[in-house]
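Peer 1: All residue numbers for the sequence shown refer to numbering that gives the first Met the number 0, where the first residue is 0 and numbers rise by one.
Be aware that a few hints might be false.
[Unchecked claim] When the alpha-carbon atoms are kept at most 30 Å apart in a straight line, the in silico DSSO-like pairs for lysine-lysine are as follows:
1. 404 - 280
2. 137 - 189
3. 189 - 395
4. 404 - 460
5. 189 - 399
6. 272 - 395
7. 404 - 369
8. 378 - 399
9. 275 - 399
10. 292 - 275
Source of the hints: derived by calculation from the structure; they are not laboratory data. All values reported here derive from a predicted model rather than from experimental measurement.
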Amino acid sequence: MAHIPVFTRFAPSPTGHLHIGGARTALFCWAFAKRHGGRFILRIEDTDLARSSEESARGIMEDLAWLGIEWDEGPVLRTADGRTLGGDPRGVGPFFQAQRLPLYNAHAELLVRAGRAYPAFESNEELEAKRKAATAAKKTYRYERPEDVHPGEFNEARWARAAAGEPHVIRFLSPPTAITVSDSVLGDVKIAAGELDDFVIRKADGMPTYHFAVVVDDELMGVTHVLRAQEHLANTPRHVALQQALRRADNGEPFRTPSYGHMPLIFNMDGSKMSKRDKAKVARAALRAAMQKNAAMTLDSLAAALALDATALAGFINAENDSIDIAGHIARHLSISLPEIEVSDFRERGYLPGAITNFLSLLGWNPGMKTEDGKDLEKFDREFLARHFSLDRIGKTSAKFDRVKLASFDGDALAALSDPEFAAAWLSWMKEFAPEAHRAAAGDGAAAARARMELLARAVKPRAKTFADAMGPARFAFVADDGYEFDAAAVEKNLLANGGAGRALLAEFRDRLQSLASWEPGPIHDLIESFAKQKGLPNMGPLAQPIRVAIAGVAVSPPLGETLAVLGRDSTLRRVDRCLSMIG
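From just these sequences and the hints, can you work out the full model?
Peer 2: This is how it looks when you write it as structure tokens:
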């Protein structure tokens, strides 16, 4: 028997950003193809014309490329780092479904002429009336096949009405037999005879439904294995029924049925489904709490402050809508973080792509291997996944998205970077997501900026979980010498308490700093330590904290040796002088 090469596919709808669950599906499809020497296809399912956009399609492709999930066939993307992904070496494209309408129409007509589908002319109002009647009778609505439609018979009269332009859909004439789905993860799934209704395969606007387009495309693109989330399992019997009825328009060959594998869903730690609505929930709860605490925070004042329509905002507060845009406005206004749901969220937060794909690999799959100390192997790269991925290691139960564990993975990955690697990746992230900080970091010229960032990387890396986390303790390095305020509580505690003891220490130490011969982290630290001992201080804290307040405005910073070295002698002295002139 001839060897059939493996072809997998990932087929997102370009109606928004790439969900992290979709990224997991793409990763598994990619890994399965690589494990078997096959090819991974990217197809864009953009038949929902009202919601699809080129911007979303490109965003999805860029997110996949950022994660390192590279497609062999599909839309061509040239990345900023010089990679070219996709292409059509077999001539099976185009890879946007909206460009494949002639193929769907040809196969729909074949079904109609074979008596396996038919035009249906009921209006939406007629169907809705029948649904309401069924509900009133406490029955489940089911579409009733017209009396003049018979299996295996071409209804020429109906086809003539459709061809003449009468509004219609095309419905599949579902078979009266049982359907069995052979699933590589869940085993055989059986649907009893008569359970499938005559579902729509082409809509009134002439676009194919998801069920029809996906079946035609999988066949014509040679897809051998379909791996997707368990929420699609209910659709699969329809797809198998279509495959059993269809023949190719180009050669008359019957459609094949790919091997299916439905993967466990991804849930939040509390058991709720991981959804974009999680952002709305968090923003809504935070806003309600803020409004309860502050009576002046009214709907009208909020709408004005957020530049939002008051009616839409009221609907959001009352959970009548879950607008992600409104949630974002609220998060920025209240300075809160929303849960990361889409790949773009994790990019903005500053995660490393390798840490994310490592973590995603463990959501529903495990390598079944142990480390040298007997623990389950969890840390590995994409190449390891591609070598070892197998369907028999996919679980049947839902996976939990543990953000604490992901942050730990990312922190470990950041810690493993050298200082130059961390600095380069951090600068690249800043350029996209913290442009003001990037301009400040790069303002001294390439060589000076690189050296400065490597010093800063050494200072912040041990505690950073993401690049965004690293920005907090490093904020002092990206503001002007007079571009920050002094925290009142920090000033009172560290400079003015005990008759201004902290300020007096800072003033005396300022001259020692100015005369320091070598402005490097080690000598700076040694100077602070020796001065504290000379003054009989119990430790460096009574001196270190006033220095921190002076150069950062708060009593928190990375180790002072690295912190002052990053600022440089002149900037440090200007900041200390500013503090002394303004405080006390």
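Peer 1: Which hint numbers does the structure go against, in order from smallest to largest?
Peer 2: Hint check: nothing fails, all pass.
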